[in-house]
Amino acid sequence: MQNGMEKLQKRKIAAEKISKILDDIKDDKPNTIDQFLKEIQQLVLSFGMKVCGRHLEDAQDTMQEVLIEFFRGARRLKFNNPKALTVWLYKVAKNACLMSRRKRKYEPKDTLSFDSPIPKGKNEERKRQEIPDWSRIPDRAVLERENQNIIQKALLEVPFDYRLVLVLRDMEGLSTKEVSKVVGISEANVKVRLHRARLLMRNALSKYLNSIYKKGEEVEKETQL
Amino acid sequence: MKKKLNCKEIISFLSMYLDKELDDSLCAHIKSHMKNCRPCKALLNTLRKTIKLCREFKPKEAYRIQKVKLRKDLEKEIEDFKRFIQTTR
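The listed protein sequences derive, respectively, from chains C and E.
If you read the first sequence in the working numbering, its first letter stands for residue 1, the second for the next number, and so on.
If you read the second sequence in the working numbering, its first letter stands for residue 226, the second for the next number, and so on.
None of these hints come from the bench; they were simulated from the model.
A few of these clues could be false.
[Stated by the list, open to error] DSSO-like mimics (lysine-lysine), calculated; alpha carbons at most 27 angstroms apart, straight line:
(1) C:K17 to E:K292
(2) E:K307 to C:K20
(3) C:K94 to C:K214
(4) C:K20 to C:K207
(5) E:K266 to C:K91
(6) C:K181 to C:K191
(7) E:K233 to C:K91
(8) C:K83 to E:K301
(9) C:K177 to E:K292
(10) C:K181 to C:K94
(11) C:K181 to C:K38
(12) E:K292 to C:K94
(13) C:K17 to E:K266
(14) C:K38 to E:K245
(15) C:K153 to C:K83
(16) C:K94 to E:K256
(17) E:K233 to C:K17
(18) C:K191 to C:K20
(19) E:K260 to C:K38
(20) E:K260 to C:K29
(21) E:K260 to C:K207
(22) C:K181 to C:K214
(23) E:K260 to C:K17
(24) E:K307 to C:K181
(25) E:K228 to E:K277
(26) C:K153 to E:K266
(27) C:K177 to E:K228
(28) C:K207 to E:K297
(29) C:K94 to E:K260
(30) C:K29 to E:K285
(31) E:K294 to C:K207
(32) E:K245 to C:K29
(33) C:K20 to E:K294
[Said to hold, decoys possible] Listed below are several chain E residues computed to face chain C (Cβ distance under 7 angstroms; list not exhaustive):
(34) T275
(35) R280
(36) P284
(37) E300
(38) K301
(39) E302
The beta carbon of each residue, even a glycine, is placed where N, CA and C say it ideally should be.
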């Protein structure tokens, strides 16, 4: 598991990137704005893919609107530090995703349940129940090209409000406080929603990974014979 | 911790346990529960793996950045933002 230190470092790098760009803008260095635009577009597109599962509708027009809202808002709200700008950028990207969702007629139904992973029954009976432990599947097997869609598909099965918190916290690496500002809910609520979102994501992944895990177990048994 | 927690209660703490946000006594309680409860142990392992996979996931289609001609109103906003950073930072 990626430990806390690595996570912190990843975030620091992102903040440092924006900080460096802002310093370069101050010094009026050439091509800085182009670089900044590229960074923003990358973040918005990647975030949009994770949250909406596709590129934003009318990507080019939407992107120009997103950029206008970002620069105008940042100036009006006097956000001149990297942290405030990052939170503001995610807020603008989230609004673009919501608008894009409203435009679409079809959205997948939220069908996942929280209860399914919780063992039921009395103590002894419960302990005999099996939950496939697919955590032993190597990461690369899930993250490799053909299987990458598993994560994307599973993510889209998580209801939007939960997916948003999961993406911001566990994929984009924002802190609880930052997520609370982007989503507009309390930090305590972020924690509750994150826990449910993780359980839902685990359930969704199980649908795809249980079978890979079972196949692996069969292979293991066969090779032992 | 006096009261023994059941599986449902243990599960409600798992995210905070993995984020290292729980006090030592509750952590010890969860660890001891995991030794004796295979379903909860499997749930903990797969939840941990879920978080890890989320952190490492990068959608491959997200990086098609096209250089587009900026609209006039956007160019103006960028210029205003530039001036704002140069005067306030």
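Structure-based check of all given hints:
1. Distance restraint check for K17 of chain C and K292 of chain E: the Cα-Cα separation of roughly 21 angstroms lies within the 27 angstroms cut-off, and the hinted pair is therefore satisfied.
2. With a C-alpha separation of about 14 angstroms, the suggested pair K307 of chain E and K20 of chain C falls inside the 27 angstroms cut-off, and the hint holds.
3. For the given pair, K94 of chain C sits about 38 angstroms from K214 of chain C by alpha-carbon distance, which is inconsistent with the 27 angstroms threshold.
4. A distance of roughly 43 angstroms separates the Cα atoms of K20 of chain C and K207 of chain C; the hinted pair therefore is violated under the 27 angstroms criterion.
5. Only pairs whose Cα atoms come within 27 angstroms are accepted, and K266 of chain E paired with K91 of chain C is rejected, the gap being roughly 37 angstroms.
6. For the hint linking K181 of chain C to K191 of chain C, the alpha-carbon distance of about 13 angstroms falls within 27 angstroms, and the restraint holds.
7. Using a Cα cut-off of 27 angstroms, the hinted pair K233 of chain E and K91 of chain C is violated, with the two alpha carbons roughly 34 angstroms apart.
8. Pair hint K83 of chain C plus K301 of chain E holds up; C-alpha atoms about 24 angstroms apart against a cutoff of 27 angstroms.
9. Taking the CA atoms of K177 of chain C and K292 of chain E, the gap is near 34 angstroms; set against the 27 angstroms cutoff, the hint is violated.
10. Restraint check for K181 of chain C and K94 of chain C: the C-alpha separation of about 12 angstroms stays at or below 27 angstroms, so the hint holds.
11. Only pairs whose Cα atoms come within 27 angstroms are accepted, and K181 of chain C paired with K38 of chain C is accepted, the gap being roughly 24 angstroms.
12. At roughly 22 angstroms between alpha-carbon atoms, K292 of chain E and K94 of chain C fall within 27 angstroms of each other, so this suggested pair holds.
13. Our distance criterion of 27 angstroms between C-alpha atoms is broken by K17 of chain C and K266 of chain E, whose separation comes to about 39 angstroms.
14. Pair hint K38 of chain C plus K245 of chain E does not hold up; C-alpha atoms about 35 angstroms apart against a cutoff of 27 angstroms.
15. Using a Cα cut-off of 27 angstroms, the hinted pair K153 of chain C and K83 of chain C is violated, with the two alpha carbons roughly 31 angstroms apart.
16. Restraint check: the Cα-Cα separation between K94 of chain C and K256 of chain E comes to about 38 angstroms, which exceeds 27 angstroms; the hinted pair is violated.
17. Distance hint between K233 of chain E and K17 of chain C is unfulfilled; the C-alpha atoms sit about 42 angstroms from each other, more than 27 angstroms.
18. Of the pairs offered as hints, the one joining K191 of chain C and K20 of chain C is violated, with about 31 angstroms between alpha carbons and a cut-off of 27 angstroms exceeded.
19. Taking the CA atoms of K260 of chain E and K38 of chain C, the gap is near 49 angstroms; set against the 27 angstroms cutoff, the hint is violated.
20. Taking the CA atoms of K260 of chain E and K29 of chain C, the gap is near 59 angstroms; set against the 27 angstroms cutoff, the hint is violated.
21. About 26 angstroms separates the Cα atoms of K260 of chain E and K207 of chain C, which keeps this hinted pair within 27 angstroms; it holds.
22. Restraint check: the Cα-Cα separation between K181 of chain C and K214 of chain C comes to about 42 angstroms, which exceeds 27 angstroms; the hinted pair is violated.
23. The hinted pair formed by K260 of chain E and K17 of chain C fails the criterion: a straight-line CA distance of about 44 angstroms is larger than 27 angstroms.
24. Taking the CA atoms of K307 of chain E and K181 of chain C, the gap is about 25 angstroms. The hint holds against a cut of 27 angstroms.
25. Pair hint K228 of chain E plus K277 of chain E does not hold up; C-alpha atoms about 32 angstroms apart against a cutoff of 27 angstroms.
26. Straight-line distance between C-alpha atoms of K153 of chain C and K266 of chain E comes to about 25 angstroms, which keeps the hinted pair within the 27 angstroms bound.
27. For the hint linking K177 of chain C to K228 of chain E, the alpha-carbon distance of about 32 angstroms lies beyond 27 angstroms, and the restraint is violated.
28. The suggested pairing of K207 of chain C with K297 of chain E is violated, with an alpha-carbon distance near 49 angstroms, which exceeds 27 angstroms.
29. Restraint check: the Cα-Cα separation between K94 of chain C and K260 of chain E comes to about 42 angstroms, which exceeds 27 angstroms; the hinted pair is violated.
30. Taken as a hint, the K29 of chain C and K285 of chain E pair is broken in the structure, with Cα atoms around 31 angstroms apart against an allowance of 27 angstroms.
31. Among the hinted pairs, K294 of chain E with K207 of chain C is inconsistent with the structure: their alpha-carbon atoms are about 44 angstroms apart, more than 27 angstroms.
32. A C-alpha spacing of about 43 angstroms is found between K245 of chain E and K29 of chain C, which places the hinted pair above 27 angstroms, so the restraint is violated.
33. Under the criterion of a C-alpha separation no larger than 27 angstroms, the hint pairing K20 of chain C with K294 of chain E is consistent with the structure, at around 25 angstroms.
34. Taken as an interface hint, T275 of chain E checks out: its beta carbon lies about 4 angstroms from the nearest beta carbon of chain C, inside 7 angstroms.
35. The interface hint given for R280 of chain E holds, since its Cβ lies 5 angstroms from the closest Cβ of chain C, which is under the 7 angstroms cut-off.
36. For P284 of chain E, the interface hint holds, the least distance from its beta-carbon to any beta-carbon of chain C being 4 angstroms, beneath 7 angstroms.
37. Interface restraint check: E300 of chain E against chain C, minimum CB-CB distance 10 angstroms, threshold 7 angstroms, status violated.
38. Interface restraint check: K301 of chain E against chain C, minimum CB-CB distance 9 angstroms, threshold 7 angstroms, status violated.
39. Residue-level restraint check for E302 of chain E holds (minimum Cβ-Cβ distance to chain C is 4 angstroms; threshold 7 angstroms).
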